[in-house]
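Enquirer: Residues per chain are reported as follows:
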Amino acid sequence: MSQLKQFFNSSIGKKLVMATTGILLILFLVIHLINNLLLFGGPDAFNQNVALLESIKPLIRVIEVILALIFIYHIYNAYKLWWENKKANPEKYAVSAKKENSTIYSRTMVITGSVIFIFLVIHLYTLWGKYNFGMEGSENYFEVIKTLFANPIWAAFYFIIMIFLGYHINHAFQSSFQTFGWSSKKYTPLVKKIGTFLAIIFAVGFASIPVYFFLISLGGQG
Amino acid sequence: MSEKNIDLTLNIWRQESPEAKGHFEKFEEEISPDASILEVLDEINNRLEAEGKAPIAFESDCREGICGTCGLVVNGHPHGPLPKTATCQLHMRNFKDGDTLYIEPFRATAFKVLKDLIVDRSGFDKIQVAGGFISFNTGSAPDGNAILISKELADQALDAAECIGCGACVAACKNSSAMLFVSAKVSHFALLPQGKPERYERVQSMVKVMDENLFGSCTNTYACEAECPKGISVLNIARMNREYFMAELKTGTDE
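Chains as they are written, first to last, in numbering that gives the first Met the number 0: chain A, 0 to 221; chain B, 0 to 254.
It is worth saying that the hints were derived from the structure and are not from the lab. Be a bit skeptical, because a hint or two may be false.
The calculated label-pair distances, taken between Cβ atoms and stated as ranges, are [stated by the list, open to error]:
id : chain 1 : residue 1 : chain 2 : residue 2 : range
1  : B       : Ala53     : A       : Lys85     : 49 to 55 Å
2  : B       : Pro82     : A       : Ile25     : 29 to 35 Å
3  : B       : Glu63     : A       : Ile33     : 55 to 61 Å
4  : B       : Asp6      : A       : Ile121    : 36 to 42 Å
Distance condition first, Cα-Cα at most 30 Å in a straight line; then the derived DSSO-like pairs of lysine-lysine [stated by the list, open to error]:
id : chain 1 : residue 1 : chain 2 : residue 2
5  : B       : Lys207    : B       : Lys83
6  : B       : Lys20     : A       : Lys91
7  : B       : Lys249    : B       : Lys125
8  : B       : Lys3      : B       : Lys83
9  : B       : Lys114    : B       : Lys20
10 : B       : Lys249    : A       : Lys184
11 : B       : Lys207    : B       : Lys111
12 : A       : Lys85     : B       : Lys111
13 : A       : Lys185    : B       : Lys83
14 : A       : Lys192    : B       : Lys173
15 : B       : Lys3      : A       : Lys191
16 : B       : Lys3      : A       : Lys91
17 : A       : Lys192    : B       : Lys83
Where a beta carbon is used, it is the ideal one built from N, C-alpha and C, also for glycine.
Please model the entire structure based on the sequences and the hints provided.
Expert: Here you go:
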């Protein structure tokens, strides 16, 4: 057991934790996005799906707990790494050449990650919390979302965060492949392209929801 | 010979001792474009000594890019801005008249500045001692074709063996991670038949010592590969990860 602990506390073990939890979170985002896109099908299509998920609520609750643990481990491990790495490299050079030797995506993971973390807490409160533990009349999840994004501040907030998400995923996907050791001259260029493709799909896909509902609210009808 | 000398402003890091607070000292120099950056430092030192001042401390040995002793950070680039070039091979023709250069030591908690531009890289020695060798006698040079190694494998092993252990990867990394160095050493043994029997013990003990010596963790920014004077590929890091995972799975399973 202590050997296993040693493994996960090694620099490579911590990488593996980031990569594994990260890939699982990407899988979650895929499912999340598919569900979101049902919003374009109108209130009936979306609420029917909500009702379906409601019918298997105990299972959903179990998945939510697992998902929360994955999120927590991913975030905790990231901050631990960030803190240790800061200690390993406290002094900066007089002239920075970072722009020339690495991508902005790779250098800003802790920043984009932190923004997404803050968003996650707010997002859980504004939608998930409101629906699950919220006021009366929240049976209609579609309405809850529609009302939220009629507010331009909320719509803009969600929209901007999704750009950060795209940045995060663009580095994350190919980085996890490298961590698993699945890198080669042959496949890595393709993996990088798939990562960028996923990043764009996530950013555009998720950001389209607040934009859509905000535009509807301008039209004055649903 | 290039015809015209160039004027450069050099800001060079001076630090009396590991504990002392360092600062940049400014030198205005007229330099031959054919001089290497180490020769420029030699010239400045000759003058400083003639003036009775302390010369700038820096390391160098072979001056032909293969020993890994020299290592300066020039304008934020370990070994200077020219790709795949060690400091000693960096000539002043790569700079323009009127340029300002900042010359600093490698910066990392694991590489303590000893004096001026010299850092303590004994952390690398400790990692090497932990497993960067073959512990049994491999005999004299084997007969040709007695041990068959494919060209592809030999190329990969020799590419990894190109690592000169200079520490530029640590200096370039925002986390001061030594993974490129360690992975090059792990790869160059793990790929060849002579290195295979000890591959798992090797990767485990080298990573352990790396972690103990205040090097940071890798976050895949690949700055190391971009700055490496020998162009060591980050694919070696992926290979080291695989070796490490296999080592974790294989050791302690056969009781």
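Enquirer: All hints, please: hold or fail.
Expert: Do the hints match the structure? See the list:
1. B:Ala53 <-> A:Lys85: 49 to 55 Å: violated, 33 Å
2. B:Pro82 <-> A:Ile25: 29 to 35 Å: holds, 33 Å
3. B:Glu63 <-> A:Ile33: 55 to 61 Å: With Cβ atoms ~59 Å apart, the hint holds.
4. B:Asp6 <-> A:Ile121: 36 to 42 Å: violated, 56 Å
5. B:Lys207 <-> B:Lys83: Satisfied, since the Cα-Cα distance of roughly 29 Å is no more than 30 Å.
6. B:Lys20 <-> A:Lys91: holds, 14 Å
7. B:Lys249 <-> B:Lys125: holds, 25 Å
8. B:Lys3 <-> B:Lys83: holds, 26 Å
9. B:Lys114 <-> B:Lys20: Answer holds: lysine 114 of chain B to lysine 20 of chain B is near 11 Å, not above 30 Å.
10. B:Lys249 <-> A:Lys184: holds, 27 Å
11. B:Lys207 <-> B:Lys111: holds, 20 Å
12. A:Lys85 <-> B:Lys111: holds, 15 Å
13. A:Lys185 <-> B:Lys83: Satisfied, since the Cα-Cα distance of roughly 23 Å is no more than 30 Å.
14. A:Lys192 <-> B:Lys173: It holds: about 25 Å lies between the C-alpha atoms, which stays within 30 Å.
15. B:Lys3 <-> A:Lys191: Violated, because 46 Å separates the two Cα atoms, which is more than 30 Å.
16. B:Lys3 <-> A:Lys91: Violated: lysine 3 of chain B and lysine 91 of chain A sit about 35 Å apart, past 30 Å.
17. A:Lys192 <-> B:Lys83: holds, 26 Å
Checked against the numbered hints listed earlier, the structure breaks hints 1, 4, 15, 16; every other hint is satisfied.
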